[in-house]
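Trainee: Take 1 as the starting number for the sequence shown in the working numbering and just add one per residue.
Hints are computed from structural coordinates only; laboratory data are not their basis.
By construction, the Cβ of each residue, glycine as well, lies at the ideal position given by its N, Cα and C atoms.
Just so you know, not all the hints are guaranteed correct.
Have a look at the derived ranges for each label pair, beta carbon to beta carbon [claimed, not checked]:
| hint | residue 1 | residue 2 | range |
| --- | --- | --- | --- |
| 1 | Q105 | A58 | 26 to 32 Å |
| 2 | I54 | V87 | 48 to 54 Å |
| 3 | P80 | L57 | 43 to 49 Å |
| 4 | N91 | E60 | 34 to 40 Å |
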Amino acid sequence: MDSYQLDGKLQASSDCAPYQYKEIYGQLVPIVPCGIVGNTFFNDSFRIWRHDLISDLAQEVPLLFTGISWPSDQNMFHNPIGVPLEVVYSNFTNPPNWRHRHIWQLDPKNPNNNGLRNEALI
């Protein structure tokens with residue numbers, strides 16, 4: 001990952017090879033977040049259920065998506081300011097292993113937990 005990108009300064013970086021660019025329709029598009037670490041971001045979706053023996057019902061276990069990273073780590077990650085994330089990142093693309101998920105779509109239930117400030121990414 002590129003430290004300038006993580007600080008909200010969007011640019012392509014040679015430090016991110018081989019995940020610096022992705023070819024889309026014959027054009028090389030810069031990747032955010034770039035690099036091997038950005039490409040391996042955990043992107044599975046799952047739900048956990050528990051079986052209540054008394055009621056004999058299955059109950060979904062709530063998962064935390066915020067409050068899971070250290071404040072000192074959060075201070076190293078910033079989104080560009082003043083423009084919606086989808087617009088800010090429109091000239092960039094997602095890492096190959098993210099499939100169809102984009103940086104501005106990491107937490108659809110909490111818009112403040114998207115982009116480079118997403119706590120699972122941090």
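Trainee: Each of the hints needs a verdict: does it hold here or not?
Mentor: Checked hints:
1. About 28 Å separates the C-beta atoms of Q105 and A58, a value consistent with the hinted range of 26 to 32 Å.
2. With their beta carbons about 51 Å apart, I54 and V87 fall inside the hinted range of 48 to 54 Å.
3. Taking 43 to 49 Å as the suggested C-beta distance range, the pair P80 and L57 conforms, at roughly 46 Å.
4. Against the hinted window of 34 to 40 Å, the Cβ-Cβ separation of N91 and E60 comes to about 38 Å, which satisfies the hint.
Checked against the numbered hints listed earlier, the structure breaks none of them; every hint is satisfied.
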